[in-house]
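S.K.: Listed below, chain by chain, are the residues.
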Amino acid sequence: MTATAETSAGSRGSQPPVPDGAVTVTVKIRRYNPEFDDEPRWDSFDIPALPSDRVLNLLHYIKWYVDGTLTFRRSCAHGICGSDAMRINGVNRLACKVLLKDLLEKGSKQTTITIEPIKGLPVNKDLLVNMEPFFEAFRAVKPYLVTYGNEPTRERIQSVADRERFDDTTKCILCACCTTSCPVYWSEGSYFGPAAIVNAHRFIFDSRDEGAEERLDILNDIDGVWRCRTTFNCTDACPRGIQVTKAIQEVKRALLFKRV
Amino acid sequence: MSLALDKPRQPRRPAARRSNGELYSWLFMRLSGLLLVVLVLGHLFIMNILDGGVHKINFGFVAGRWASPFWQFWDLAMLWLAQIHGGNGVRTVINDYARKDSTRFWLKMLLYVSMVLIVSLGTFVIFTFDPNISN
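Just so you know, the sequences run in chain order A and B.
Sequential numbering of the first sequence, starting at 1, is according to UniProt numbering.
Sequential numbering of the second sequence, starting at 1, is according to UniProt numbering.
The set of hints was computed from the structure by calculation and includes no laboratory data.
Just to be clear, a hint being listed does not mean it is correct.
Far from chain A by the CB rule (all over 12 Å, computed), these chain B residues [said to hold, decoys possible]:
#1 L23
#2 L79
#3 V93
#4 V113
#5 S114
Below, a sample of chain A positions facing chain B; criterion: calculated Cβ distance under 10 Å [as the list claims (entries may be wrong)]:
#6 V160
#7 D162
#8 E213
#9 L216
#10 V225
#11 W226
#12 K252
To list a few chain A residues with every Cβ distance to chain B over 12 Å, as calculated [claimed, not checked]:
#13 A9
#14 F36
#15 W64
#16 A77
#17 I88
#18 K109
#19 T111
#20 R139
#21 S190
#22 D223
#23 K246
#24 L255
#25 L256
Every residue, glycine too, gets a C-beta built ideally from N, C-alpha and C.
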């Protein structure tokens, strides 16, 4: 329990035995500790890993056995909670859904994997960013059922076809992969961003909801859907396979033809 | 038959309050883009390929073209559409890339002033062009 031993060691102490079939990969991480660093810096770790490992396993290995100060978010680790969005080899992905075998270099060259925090949100420490601006835009589009008039005595029913219209956008897990892959969001933080528009879409095209006009008003703003440049970065980044750009185009069409 | 009466003081559905400026500018970009494809490619074809290409262009050629209201209108439409289309495009670029509000404001002012200058100068020339000017 000496302080000197702990600074270089991981949080779980000595390293486990290397399994059969493991390869050594270099994990290059963009790190920032606000207590010591003026600027973000790159840190590299050579660690053993199996091709069947996910990138999240590599981060766990580093945190548990090499450097316990590495900071990142993860919760369920199975692609559902959306906590571990990060920029892996330059594209936004969930670390728990990317397999090492898909990143391995061909031949005998050692693989280097670069991991950065998602762009466009303030970095708190290492890979952990402040998600508040992201959630602020999400809340601004009223992502909940809005109705007027008397409450019905029975449940609000909906046809299969009406449900189908917004099925794609119900899949969002708010990981911020799409919003932080958007160049417009990088350069100007006031754009609502793809994720907020996706969640507005989920209610605008819901036949049970009556708040479409209000949400469309909000998204018709200078910071709304018209800032979308249709670069498709968001669709490419979405770990849930949501057709994000298509959803944004559908909101544009609803505004253009004044019809939901 | 059902009686559709809401409870008193039930929240009312707010009416749409839209300022459609961004919508119209988005729409304008698409429509003017389509028109400009015809106008600009037609212009380039006439100026650079037909009848010996660029070497035929001189004062007399321009005077001959602008004697016809059709070509005056063509050039006027091209000038206005290209200026507003391009200006609106640069406006979105400034909106996206300027970091400070003051930078954004002054860059846009510079853009608007230059747009107004070029559009008015061009329009002035097209309408007041005198083919009999000496020297």
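S.K.: Each hint should be assessed against the structure and marked as holding or not.
M.R.: Now the hints, each set against the structure:
Some Cβ of chain A comes within 12 Å of the Cβ of L23 of chain B; the nearest lies about 6 Å off, and the non-interface call is violated. For L79 of chain B, the requirement that its beta carbon stay farther than 12 Å from each beta carbon of chain A is met, with the minimum near 26 Å. In this structure V93 of chain B is not separated from chain A by more than 12 Å, as the shortest Cβ-Cβ distance comes to only about 10 Å. No beta-carbon of chain A is positioned within 12 Å of the beta-carbon of V113 of chain B; the least distance is around 21 Å.
No beta-carbon of chain A is positioned within 12 Å of the beta-carbon of S114 of chain B; the least distance is around 22 Å. The beta carbon of V160 of chain A comes no nearer than 26 Å to any beta carbon in chain B, farther than 10 Å, and the hint placing it at the interface is violated. For D162 of chain A, the shortest C-beta to C-beta distance to chain B is roughly 19 Å, which exceeds 10 Å, and the interface hint is violated. Nearest Cβ of chain B to the Cβ of E213 of chain A: about 5 Å, under the 10 Å cut. The hint holds.
With 10 Å as the threshold, the beta carbon of L216 of chain A comes within range of chain B, its nearest partner Cβ sitting at about 7 Å, so the hint holds. Look at V225 of chain A: its Cβ gets to within about 9 Å of chain B, closer than 10 Å, so that hint holds up. The criterion of a C-beta within 10 Å of any C-beta in chain B is met by W226 of chain A, whose closest approach is roughly 4 Å, and the hint holds. A distance limit of 10 Å between C-beta atoms decides the matter here; for K252 of chain A the minimum to chain B is near 8 Å, and the interface restraint holds.
A9 of chain A, annotated as away from the interface, keeps every beta carbon of chain B farther than 12 Å; the closest lies near 42 Å. The claim that F36 of chain A is not at the interface with chain B holds, since no C-beta of that chain comes within 12 Å of its own (minimum 27 Å). Its beta-carbon lying about 40 Å from the closest one in chain B, W64 of chain A satisfies the requirement of being farther than 12 Å from that chain. For A77 of chain A, the condition that its CB be more than 12 Å from all CB atoms of chain B holds, with the nearest at approximately 36 Å.
A cut-off of 12 Å between C-beta atoms confirms that I88 of chain A is not in contact with chain B; the least separation is 26 Å. Every Cβ of chain B is farther than 12 Å from the Cβ of K109 of chain A; the closest lies at roughly 38 Å, confirming the non-interface assignment. The claim that T111 of chain A lies off the interface holds: its Cβ sits roughly 35 Å from the closest Cβ of chain B, which is beyond the 12 Å cut-off. Annotated as non-interface, R139 of chain A keeps its C-beta farther than 12 Å from every C-beta of chain B; the closest such distance is 18 Å.
Residue placement check: S190 of chain A does not keep its beta carbon more than 12 Å from all beta carbons of chain B (closest about 10 Å). In this structure D223 of chain A is not separated from chain B by more than 12 Å, as the shortest Cβ-Cβ distance comes to only about 9 Å. Look at K246 of chain A: its CB is around 17 Å from the nearest CB on chain B, clear of 12 Å, so calling it non-interface holds up. Look at L255 of chain A: its CB is around 6 Å from the nearest CB on chain B, not clear of 12 Å, so calling it non-interface is violated.
At roughly 7 Å from the closest C-beta of chain B, the C-beta of L256 of chain A falls inside 12 Å, breaking its exclusion from the interface.
In summary, the numbered hints that this structure violates are 1, 3, 6, 7, 21, 22, 24 and 25.
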